[in-house]
Amino acid sequence: MNFAVLQFPASNCDQDAVHVLQHLGHDARLLWHKEPSLGTVDAVIVPGGFSYGDYLRTGAIARFSPVMQALRRFADNGGFVLGICNGFQILCEAHLLPGALVRNRSLQFCCETVYLKSATADSPFTNKIPADKWLRVPIAHGEGCYFADDETLAKLRARGQILWQYCDESGALTDAANPNGSLLNIAGVCNERRNVAGLMPHPERASEGILGSEDGRLIFESLIETLSHSTAAAVA
Amino acid sequence: MHRSMKAKIVITPKKAVLDPQGKTVQNALIHMGYAGFGAVHVGKYIEVELAGADPQAVRQQIDDACRKILSNPVIEDYRFEIE
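Order-wise, the sequence lines are chains A and B. Just so we're aligned: 230 in the working numbering is position 230 of the first sequence, and the numbers increase by one with no gaps anywhere. Just so we're aligned: 24 in the working numbering is position 24 of the second sequence, and the numbers increase by one with no gaps anywhere.
No wet-lab data here; the hints were simulated from the structure. Each hint should be verified, as a subset may be incorrect.
As the list claims (entries may be wrong) - Pairs of lysine-lysine residues, derived as DSS-like cross-links and limited to a Cα-Cα distance of at most 27 angstroms, are as follows:
| # | chain 1 | residue 1 | chain 2 | residue 2 |
| --- | --- | --- | --- | --- |
| 1 | B | Lys6 | A | Lys155 |
| 2 | B | Lys44 | B | Lys68 |
| 3 | B | Lys68 | B | Lys15 |
| 4 | A | Lys155 | A | Lys128 |
| 5 | A | Lys155 | B | Lys15 |
| 6 | B | Lys68 | A | Lys34 |
| 7 | A | Lys155 | B | Lys8 |
| 8 | B | Lys68 | B | Lys14 |
| 9 | B | Lys23 | B | Lys44 |
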C-alpha cells in the first residue's frame with residue numbers, strides 16, 4: 001500500500017506514522033502541506049502536532065493549507081483518511097468530521113496512557129480489533145474534549161460513527177476514565193461515509209513492543225486490511 | 001471613496017459547550033469575595049483594520065470571515081461592530 005503522511009509547520013509524530021507504516025511493510029512518505037496534490041495514494045494520515053502554533057483554534061489555520069483542498073477531493077472520492085490528535089482537530093475544523101475539540105476539562109495538557117474501547121468493528125479503522133480488546137495507547141493534548149450538539153451526537157450513535165471511547169481497565173466507560181471531559185467518552189469518530197476517521201490518542205506511538213504497547217498497530221492493520229479489499233487507488 | 005474602518009469582533013463559547021476557563025475564573029472571583037458574580041464566559045476579542053467604500057459590503061465580508069475561520073460555529077457564537 002502507498003500512504004501519504006501530511007506535514008504542517010509544527011507537525012509531530014509524523015515521522016512515527018511513516019515509521020509504523022514502513023515497519024508494517026508498506027510505502028509511506030511525508031507530504032508537505034504546500035503541495036497542491038496528493039499524487040497517487042491509497043490512504044492519507046493527518047498526523048499530530050501543533051500546526052501553525054494552534055493559533056486561533058487548533059487546526060483552524062492548517063485547514064486552509066493547499067494540501068487540504070486536495071485531501072478534501074480525495075475524501076470526497078472515497079479515499080481513506082485517518083487523523084491523529086491534531087490531525088483529528090484539523091479534520092473537524094475542515095468539516096470532514098462532525099463535532100469539535102475544545103480545551104480539556106482540567107485546563108491541563110494531558111500526557112498519559114489511556115484505554116480505548118472500540119465501539120464497533122464495522123469500520124475500515126477498527127475491523128481488526130477484537131471486541132473484547134481495549135487498546136492501551138498514549139494521549140498528549142490540551143484540546144481533546146470532544147463536543148457535538150445533541151442532534152449530531154444522536155446521529156453519531158444511530159449510525160455507528162463513534163469508533164473509540166475512553167474506558168477503564170475493565171472496559172467500563174466511566175467518568176474517571178475520561179481524561180478530558182469528552183461527551184460520551186468519545187476519543188474518535190468517523191464520517192457518515194466511513195472513509196474518514198479521527199482520534200485524539202496516538203496509535204503510532206504504541207505500535208511496537210519496545211514502546212510498551214503494540215495495540216495501536218491494530219488501527220493501522222484494520223486500515224491496511226480494508227485497503228487490500230478496496231479497488232484502485234484514488235487520485236487527488 | 002475608500003475609508004479606514006475597524007471591525008471589533010467578540011467570540012464566545014456556545015452555552016452548551018463546557019467552559020472550564022470561565023468556571024475557573026468564576027471560582028476565583030467568588031474566592032476573592034465578589035458578591036453577586038454569576039457565571040463567567042471567557043471568549044476572544046479580534047480587531048480587523050480594513051478599508052472599503054461600502055460599509056454593507058464590509059459587513060458581509062466580516063460576517064463571512066467570522067463563519068469560515070475566525071469562529072467555529074460548532075462551538076462558538078460571534079458578534080461584531082464596525083466603526
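Hints versus structure:
Our distance criterion of 27 angstroms between C-alpha atoms is broken by Lys6/B and Lys155/A, whose separation comes to about 41 angstroms. A distance of roughly 16 angstroms separates the Cα atoms of Lys44/B and Lys68/B; the hinted pair therefore holds under the 27 angstroms criterion. Pair hint Lys68/B plus Lys15/B holds up; C-alpha atoms about 20 angstroms apart against a cutoff of 27 angstroms. Proximity of Lys155/A to Lys128/A is assessed by CA-CA distance (about 25 angstroms); at most 27 angstroms being required, the pair is judged to hold.
Simply put, Lys155/A and Lys15/B have alpha-carbon atoms about 21 angstroms apart, close enough for the 27 angstroms limit, and the pair holds. A threshold of 27 angstroms between alpha carbons decides the hint, and for Lys68/B with Lys34/A the separation of about 20 angstroms falls inside it, so the pair holds. About 36 angstroms separates the Cα atoms of Lys155/A and Lys8/B, which puts this hinted pair outside 27 angstroms; it is violated. Among the hinted pairs, Lys68/B with Lys14/B is consistent with the structure: their alpha-carbon atoms are about 17 angstroms apart, no more than 27 angstroms.
For a cut-off of 27 angstroms, the pair hint linking Lys23/B to Lys44/B stands: about 16 angstroms separates their Cα positions.
Violated hints for the displayed structure, listed by number in ascending order: 1, 7.
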